[in-house]
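Colleague: Residues per chain are reported as follows:
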Amino acid sequence: MKTKVAIIGAGIVGASIARVLSKYENLEVHLIEKEADVGWGVSKANTALIHGGYDDDPDKYPMRAKLCIRGNRLWHQWVKELEIPHIWNGALIVALKDEDFDELERLLERGQRNGVPEMRIIDREELFHLEPNVNPNALGALWVPIVGQIGPIPAVIAIVENAVANGVKVHLETEVRGIKVENGEVKGIETNNGFIEADIVINAAGLYADEISKMAGIDYFEIHPRKGEYWIFDEGIPGPNHVLFPTPTPISKGVVVTTEISGHLMIGPNAQDLPKDYKDDTSTTREGLEEVWRKAQEIWPNLPPRWKVIRTFAGLRPEPTGGDFIIKAEEEVQGFINVAGIRSPGLTSAPAIGYEVRDIIERDLGIKLKEKEKWNPYRKEITHFFMLQPTQINELVKKNPAYGRIVCRCNKVSEGDVLEAIERMKFIGVKTPSVDSVKFRTKATSGTCQGSFCKVVIINLLAREYGIPPWKVTLKGKGSEIGIGDVKVLLRGEAQ
Amino acid sequence: MTAQVYKFTCIICPLSCDIEVKVENGEIKEIKGYTCPRGKEWAIEEITNPKRVVMSVIKVKNGNMPTVSVKTDRPIPKTKIPELMKLLAEIEVEAPVKVGQIILENPLGLDTKIVATREVEKA
Amino acid sequence: MNTLQYDVVVIGGGPAGLAAAVKAKEYGLNVLLLDENEYLGGILPQCIHPGFGIHYFREELTGPEFSHRFVQRVKDLKIDYFVKARVLEIKNYSDLEKIVAFTSPEGAFEVWAKAIIYATGARERHAFEIGIVGDRVAGIYTAGEAQTLMDIYGVMPGKEVVIVGSGDVGLIMARRFALEGAKVKAVIELMPYPGGLARNVMILRDFNIPLYLSHKVVEVRGKKRVEKVKVVKVDENLREIPGTEFWIECDTIIISAGLIPQVKLLTDIGVEIDPATGGPVVNDLLETTVPGIFVAGNSLLINDLVDYVAEQGELAAYGAKLFIENGGIPAEKWIKLEKGNNIRLAVPHYLSGKRDVYIYARVRKPMENVVLNFPEIDRKIRLPVVRPAEMLRIRLRKEEIAKARDKITMEVVQ
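Residue numbers (this note's numbering), protein chains in the order written: chain C, 1 to 496; chain G, 1 to 123; chain L, 1 to 414.
Since the hints were made in silico from the structure, they are not lab data.
Worth double-checking, as some hints may not be accurate.
[Said to hold, decoys possible] Lysine to aspartate or glutamate pairs mimicking EDC-like chemistry, simulated, CA-CA at most 16 Å apart:
1) G:Lys122 to L:Glu38
2) G:Lys78 to L:Asp206
3) L:Lys365 to L:Glu236
4) L:Lys264 to C:Asp234
5) L:Lys224 to C:Glu173
6) L:Lys228 to C:Asp281
7) C:Lys399 to L:Glu106
8) L:Lys264 to C:Glu235
9) L:Lys183 to C:Glu494
10) C:Lys80 to C:Glu381
11) C:Lys380 to C:Glu81
12) L:Lys223 to C:Asp281
13) G:Lys40 to G:Glu20
14) L:Lys224 to C:Asp280
15) L:Lys223 to C:Asp280
16) L:Lys223 to C:Asp277
17) G:Lys80 to L:Asp206
18) L:Lys339 to L:Asp274
19) C:Lys187 to C:Asp199
20) L:Lys159 to C:Glu494
21) G:Lys7 to L:Asp206
22) G:Lys51 to L:Asp206
23) G:Lys86 to C:Glu494
24) C:Lys398 to L:Glu106
25) C:Lys412 to L:Glu89
26) C:Lys426 to C:Glu173
27) L:Lys354 to L:Glu399
28) L:Lys224 to C:Asp281
29) L:Lys398 to L:Asp378
[What the hints assert, rightly or not] Here are the computed distance ranges between Cβ atoms for each label pair:
30) G:Lys61 to C:Phe195: 44 to 54 Å
31) G:Lys61 to C:Glu287: 51 to 61 Å
32) G:Pro96 to C:Phe427: 34 to 44 Å
33) C:Lys374 to L:Gly270: 48 to 58 Å
34) C:Glu287 to L:Tyr193: 24 to 34 Å
Just so it is clear, the structure is predicted and the values come from calculations on it, not from any experiment.
Backbone N, C-alpha and C fix where the C-beta goes; we use that ideal spot for every residue, glycine too.
Based on the provided sequences and hints, a complete structural model is requested.
Modeller: Below you can see the structure in the form of C-alpha cells.
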C-alpha cells in the first residue's frame, strides 16, 4: 500500500518537495494548486537569486542558514538535470562608506560559519575591474562567487514537469477548503473539486500557509505579506556583470541592481510590510517605485531614462512569526507537515527543503522510503528559437513550418516554441489557457513592446489548441478573460 | 424661448475653423467662424441633419478571418446609427467575401448599401 | 542555408512597403517584399474607418480598401513576397551588397540585395512606459491591440472603457467601442489640447464622451481584471496637482499614448537615429546614414496620413533605383535642414538641391496666424494655424534649395 501525500501549493517549495518525493516507490504524491498554473504565487515575483548563504544568522535563523547554502549547492545540480535557465555570475556587496567594511567583515565571518566557499573582501581597484560602472565613490566589496540567478517560474515549471514525468499528480485550480483530521491523524483535504484522501499533508501554501495550518487546528504562527517592487528595463541598457547589493542594514538586504537572465537591467526590491489581509495585493505604488529608484542609484548611478522601463512589478514575500522557516511535522496532528514562512532565501533553499521534508517523513513520521528503480532525473527544456542556428531552424521547419514563424518579435519566439509550451501546459494539467502560461515558458510578450503585437497571435493559438473561442482565453486564469464575448455581444444585449 | 449656441471644429479641411452656430426655437439665427461656403454648409447640416458614414465588422462563416469590415456607401443620419448597428449585429455572411461586395441593400430604408471593405477567403 | 538574390528587399508590407515594392517593380527592379503578419497591409486591414487615400487616390477609402488596392498591384505585378516572415538581421557586407537574414514557415533565408527599403512601421507605447502603476491585470490594451482583437478577430474586449490619450488611434477606438455598444467613460489627455485631427475629435461629441484635457491616468486597480483607474489633473508644466485625484470605474483601459518608430534592426548596424523623430537621419531620397538603406513610413517618422506614408515609400523606391543605377547616391554637398523656432521635428535632414523635396515637420505647440519661414532661401508661407497633431508637408523646389550654402532653417514665426 502506498502512502498518499498531498502537497498544498505548487510554488517553488511545493514543486521541489514533489520532485524529491517522486523518487520513492511507496509514495503517491498529489500536488495541489489553486491557480490555473504552477508558480504563480510568491515564486512569480522576486529577485530570482540563488543566494550565497552568508546573510542568514545561524543563531537567530538556523533553518535559513542551514538550507540556503545546501540549496545553493543543489541548484548547481538541478539546473543541469532540468535545463533551467540560469547564470552563475556571483554577487558583490558594495561598501560606500568606511563603516560598511565592518558589516562586510561580519558577513564574511557568518558566511564562513555557514560554509560558504570562496568569499572574500576585495578592494576598490578589483571592484572597478569587475564592475566599471558601479558608483565611483564605492570603496570595495564582499565578493561571493557562488551567487547565481535563475528564472524562478521556469524553474517551478521544469521541476513540476519532471515530477509529473515521475508520477506526481497535479491538481490545478483546486482550492483547499478544509483539512480532515480524525483522532489526531490527518485524513485528507477538502477542495472545491472534492475530497482528496491523504496520509500526509504538506502545507507549502506560501502566503496562505497560516490559514491552511489553521484548518488543521494549528495556529501558532502567522504569515504577513511583505511587498517588494521592481523596475525592469529595455534590452540594450547596460547593467552590471554581477549581482550588486548595497551593504545591508539591520532591516533589509537592500535594493539589488542586476542584469537578469534574459539580459535586462533590473532593480529592486524595497520592503513594505502590509496588513495581514493584503495577501493578494501585488500592486505597484508610486512611493515604492521611487524608493527603489533612489536606492538603486546609490550603487548604480547611471540608471536609464524612466521611459526605458518595460515593466514594473511587485511581489509578496511571506514573513513568518519569528522570521525563520517553519519546517516540521506537527505533533498534534499526525501526518501534517508545515513548510511555512518560506521567505528569502526561499527560492535558494527550495531543493534543500525538499530533502528536509523527505527526512522529516522518514525520521518523524517513521515511514521507510523505498527508492524507485527507475526514476528519471532529467527534463528537457522546450525549443527556444532565439537559441537556434539557421541550419537548426531549417531542420525544424522541415518537420513543422511553425518553427519558422516568429510570434514575439522582441524576444524571437516562434510559433513552434509556443505550440511546445501549450503541449507542456497540457502535460501538467493546465485546464484554463492563459497568455501568462505561454509567457513564462517562452518569454513571448515580455520584451520591449510587452506583447502589443504578439499577444493577439498567442491568444489565437491558445484558442485553437484548447478548442475555445479567443475571448475565453485568459491573461492569468479565470476572471482575467481577454474579452467578454464576440464583437457583437453588447449589441445583442447578451453580456452580463 | 430657447437659444442655444453650438460650437464645433470644422472638418472640411485642415484649417479646422471653430464655427459657432446660434439656434433659437429650432431655427438657425447666426453662423460665425467659418472661412469658406463649404464650411458654412457643413455647419448647417451638422445642426439640422448630421450624417455619418458608419463602419463596423460583420461575422463571417468559414473564412480565413472571422470578420469582414463593412461601411455604409454614403453618410446616413446620425440618429439612425444605433438601429443600424443592431441590425448589423444579427448578420453573418459566408466566405468568400470580396472587397466592394454588397452585404445589405437599403437597410432600414436608409437608401444606402452595406459594402464589404476587406477580402475574406474561404478557410 | 537558403540563399536568394534581389535588387531590392523591402522589409515591411504595410502602406510604405507596399508602395515602395510596387514602385520599385515599376522601375524594373527585381523586388522581394517581406512581412511578418499573416497578411499584407500592415495595420491598414484593421483600420476599418474612412479617411484614407484622399490625397493619393483622390477618393476617400477605408484602411482595408486602401491596402487592397496596393496588394492587388503587388499581385498583378507578380512581386515576390513572403508573409509570416521576420527579418532577424541586416548585414552591410559592402555599400552595394547587403544581406537580409529572415525566417519564415518556408525556412530561414539569406537574401543578397543591392539596396534595402526599411518600412517596418511603429510600435505603441504601453502602460509601463507612461508610468502607470497598480495592478497588472486583464483589460489593459494598447489601442492597436484592441483594434486587432475587435476588427480582425471579432473579440469584444470589455464594456466600460477609459481611453488614455486623445491621439487619432485613441479617438477612433473610442468610436469603435461606442458603435459596438460599449460605454466609453472618458478620454484622458495629458496635454491641454486634443492630440488627434479635428475630424476625429468630433467623435467625442457624436457619442457624448467626456474629454479630460490636462489630466493623466496614474494608477490601475483590479483583482483579476481592471476595476477602476485613478486620474489626476496636471498643471501647465505637466506636473500633477495634489488633491485633484479621482477614480473612474471601468473594465477596460485603452492606451493610445503615442507611437515609436521601430528601428532596432537599423540601430544594430549603426544607422544614426534622430532623437526628435525616433527614426533614422535621412537625405532627400530617404537614404539613411548607411548607404543603400532607405526608410519610409512610420519607421521614418510618425505620420498622420497614410497618403504621405505611401508617398515616402515611392520616394524610397526612387532612391533605391538611383542608388543601384549609379552605385551610390551622388551629391556634391548636402544642405542641412535645421529646426528653428517651434519646430519639433523635420524630415529629411539633408537636402541636395538636385531635386524637389517634401519637408515633413511637426510643431512643438499650437500657434495661429503664423509664417513658416526658411530665412536662408527667403521662402515664407503663411498659415492660419499650426498644431502638433497635424504634420506639416511643405514642398521646396530644387532651385530654392540650391540657393542655400550649407543649411536651411525652418521656423514658425508670428
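Colleague: If a hint holds in the structure, say so; if it does not, say that too.
Modeller: Do the hints match the structure? See the list:
1. Using a Cα cut-off of 16 Å, the hinted pair Lys122 (chain G) and Glu38 (chain L) holds, with the two alpha carbons roughly 15 Å apart.
2. With a CA separation close to 8 Å, the supplied pair Lys78 (chain G) and Asp206 (chain L) stays within the 16 Å bound.
3. For a cut-off of 16 Å, the pair hint linking Lys365 (chain L) to Glu236 (chain L) stands: about 12 Å separates their Cα positions.
4. A threshold of 16 Å between alpha carbons decides the hint, and for Lys264 (chain L) with Asp234 (chain C) the separation of about 12 Å falls inside it, so the pair holds.
5. The hinted pair formed by Lys224 (chain L) and Glu173 (chain C) meets the criterion: a straight-line CA distance of about 15 Å does not exceed 16 Å.
6. Between Lys228 (chain L) and Asp281 (chain C) the alpha-carbon distance is near 15 Å, which keeps this suggested pair within the 16 Å criterion.
7. Restraint check: the Cα-Cα separation between Lys399 (chain C) and Glu106 (chain L) comes to about 11 Å, which is no more than 16 Å; the hinted pair holds.
8. Taking the CA atoms of Lys264 (chain L) and Glu235 (chain C), the gap is near 11 Å; set against the 16 Å cutoff, the hint holds.
9. Proposed proximity of Lys183 (chain L) and Glu494 (chain C) is supported: the alpha carbons are some 15 Å apart, at most 16 Å.
10. Pair hint Lys80 (chain C) plus Glu381 (chain C) holds up; C-alpha atoms about 11 Å apart against a cutoff of 16 Å.
11. Pair hint Lys380 (chain C) plus Glu81 (chain C) holds up; C-alpha atoms about 8 Å apart against a cutoff of 16 Å.
12. With a C-alpha separation of about 8 Å, the suggested pairing of Lys223 (chain L) with Asp281 (chain C) holds against the 16 Å cut-off.
13. Using a Cα cut-off of 16 Å, the hinted pair Lys40 (chain G) and Glu20 (chain G) holds, with the two alpha carbons roughly 10 Å apart.
14. Taken as a hint, the Lys224 (chain L) and Asp280 (chain C) pair is honoured in the structure, with Cα atoms around 10 Å apart against an allowance of 16 Å.
15. About 8 Å separates the Cα atoms of Lys223 (chain L) and Asp280 (chain C), which keeps this hinted pair within 16 Å; it holds.
16. Pair hint Lys223 (chain L) plus Asp277 (chain C) holds up; C-alpha atoms about 14 Å apart against a cutoff of 16 Å.
17. Proposed proximity of Lys80 (chain G) and Asp206 (chain L) is supported: the alpha carbons are some 13 Å apart, at most 16 Å.
18. Annotation: proposed proximity of Lys339 (chain L) to Asp274 (chain L) holds, straight-line Cα distance about 12 Å (limit 16 Å).
19. This hinted pair checks out: Lys187 (chain C) and Asp199 (chain C) have alpha carbons roughly 6 Å apart, not beyond 16 Å.
20. Between the alpha carbons of Lys159 (chain L) and Glu494 (chain C) the distance comes to roughly 11 Å, so the proposed pair stays at or under 16 Å and holds.
21. Of the pairs offered as hints, the one joining Lys7 (chain G) and Asp206 (chain L) holds, with about 13 Å between alpha carbons and a cut-off of 16 Å not exceeded.
22. Simply put, Lys51 (chain G) and Asp206 (chain L) have alpha-carbon atoms about 10 Å apart, close enough for the 16 Å limit, and the pair holds.
23. Distance check on the hinted pair: Lys86 (chain G) and Glu494 (chain C) sit about 12 Å apart at the alpha-carbon level, within 16 Å; holds.
24. Between Lys398 (chain C) and Glu106 (chain L), the direct Cα distance comes to roughly 8 Å. Compliance with the 16 Å bound is thereby established for this hinted pair.
25. Taking the CA atoms of Lys412 (chain C) and Glu89 (chain L), the gap is near 12 Å; set against the 16 Å cutoff, the hint holds.
26. Note on Lys426 (chain C) and Glu173 (chain C): the hinted pairing holds, with a Cα-Cα distance of about 14 Å set against a maximum of 16 Å.
27. Note on Lys354 (chain L) and Glu399 (chain L): the hinted pairing holds, with a Cα-Cα distance of about 8 Å set against a maximum of 16 Å.
28. For a cut-off of 16 Å, the pair hint linking Lys224 (chain L) to Asp281 (chain C) stands: about 11 Å separates their Cα positions.
29. Our distance criterion of 16 Å between C-alpha atoms is met by Lys398 (chain L) and Asp378 (chain L), whose separation comes to about 14 Å.
30. Between Lys61 (chain G) and Phe195 (chain C) the CB atoms are about 45 Å apart, so this pair conforms to the stated range of 44 to 54 Å.
31. In this structure, Lys61 (chain G) and Glu287 (chain C) meet the distance hint of 51 to 61 Å, their C-beta atoms being roughly 53 Å apart.
32. Restraint check, Pro96 (chain G) to Phe427 (chain C): a C-beta distance of roughly 39 Å satisfies the suggested window 34 to 44 Å.
33. As the Cβ distance of Lys374 (chain C) to Gly270 (chain L) is approximately 55 Å, the hint placing it in 48 to 58 Å holds.
34. As the Cβ distance of Glu287 (chain C) to Tyr193 (chain L) is approximately 31 Å, the hint placing it in 24 to 34 Å holds.
Hint compliance for this structure: every hint is met.
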